[in-house]
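Residue numbering for the sequence shown is 51 to 422, as defined by our numbering.
These are calculated hints, taken from the structure and not from any lab test.
Note that the Cβ used here is the ideal one computed from N, Cα and C, for glycine as well.
Take the hints with a grain of salt, since some may be wrong.
In silico EDC-like pairs for lysine to aspartate or glutamate, Cα to Cα no more than 20 Å straight-line [unchecked claim]:
(1) Lys301 with Asp251
(2) Lys270 with Asp251
(3) Lys301 with Glu208
(4) Lys297 with Asp406
(5) Lys171 with Glu292
(6) Lys293 with Glu272
What follows is a set of in silico ranges between Cβ atoms, one per label pair, in the way DEER data are often shown [said to hold, decoys possible]:
(7) Lys293 with Glu208: 20 to 26 Å
(8) Thr209 with Glu233: 32 to 38 Å
(9) Glu278 with Gly169: 41 to 47 Å
(10) Glu272 with Gly213: 46 to 52 Å
(11) Thr209 with Lys243: 20 to 26 Å
(12) Glu282 with Asp407: 44 to 50 Å
(13) Asp291 with Asp251: 32 to 38 Å
(14) Ser355 with Gly169: 34 to 40 Å
(15) Thr364 with Glu233: 32 to 38 Å
(16) Thr209 with Glu281: 26 to 32 Å
(17) Glu292 with Lys360: 26 to 32 Å
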Amino acid sequence: MNVQRETRASAPQHLADDATAAASGLRDPSRAALRGMSFGAGEAALSPGSGGSGQAPVQCYRKMESGAGKETPYGGLNALLRVSDDGRMATPDPGEGSGTHVFYAEQSIISSANSTLKGLKSPVSVRAGGGSITGRKNHRKKSPITLKEVVPANARTETEGDGMKSYEGCNMNAWETMGALAEGQKSIKRAGKGMDPLRFDTTSRDHMLPVGDVRSEIAKRELGRKPEGKEESKEVYGELDEKTRSKYAKKLGINQHAAPTKVGQSLQVARASGSQGKDPFLMHWAPVVAKAGGDYVTLENFGRSNSERKEGDTNLASSDWHFRMYGPANRKGSNPFGKGEDQSYHAEHKAEFGGDDNAMTLLYDTEEAKDK
């Protein structure tokens, strides 16, 4: 994924109306930061800074300032952008907040994502809106592509676009998007590797079980025996050095190696031992709604108190959702912008948990519920 700053343009109405919306909490959407931004209704020529070499850039965030009137690819936004490594998706960088309602992607990505969500019987869908921008395929100057505005919709709440409303709770929002709340139809399974899938029924709401099971499995392999309860598992995992943790992460497909392979999967990051300090969040879920190469975009939401909630929103129908782009865990080869940079979901949310080294991230799929 690449990062660059774009030129200013007038704000589209859906952003102007939303810019003053107040929000707070760990994952503040910070839409006030989007004031004055727009991808532009026309097709502004933009470029994520391939340096004029015509070669595809390394996978990393690039920070580029474009002065007033300077024409650049993905232009029209006065914002730091996250652009997928193949140039086919773009969202504003969340900065100190969570994300944005703004997301542009190539038509084929939108169509494929919507087809997958429909196949999962998810009430969430995506379609191309009227806005568009011009990007560059693989960031090559002579390969312009059109990215369309992505418009989400939720059939359960009968809402779409900037006013779409989803479940406020991160887990319910994720499970609904995954199709796991379809009437008696789906359960969830861990989509990692190297051990059993770790299934659980969403109706149980006990979604910390898989995290504990993975920690227990790692402790078992370290001890050569079954650990004596959750506390011993936590203790063993907490004492592992970074090299050993990375080895297990890669082997089991967890943490920075919990990399989505398709739309409809979901990521869950969890603290080692409950909420801490002033931050009440124990975990956070994020369903994948678009993917291009190693980069992916999620559609997230999170719980709020009555005082934090926008007027007209409820825990069952919240318009404070946001898009957010993530990338691969590691970079290979020479990279002047950050060799080995970790753009994974795990890395970003671990940092938001105050750098909790014991935080764990798992990847999930839905599956057909078995006959009882």
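Item to check | Index of numbered hints that the structure contradicts, given in increasing order | outcome: Of the numbered hints given earlier, those the structure breaks are 1, 2, 3, 5, 7, 8, 11, 12, 15, 16 and 17, listed in rising order.
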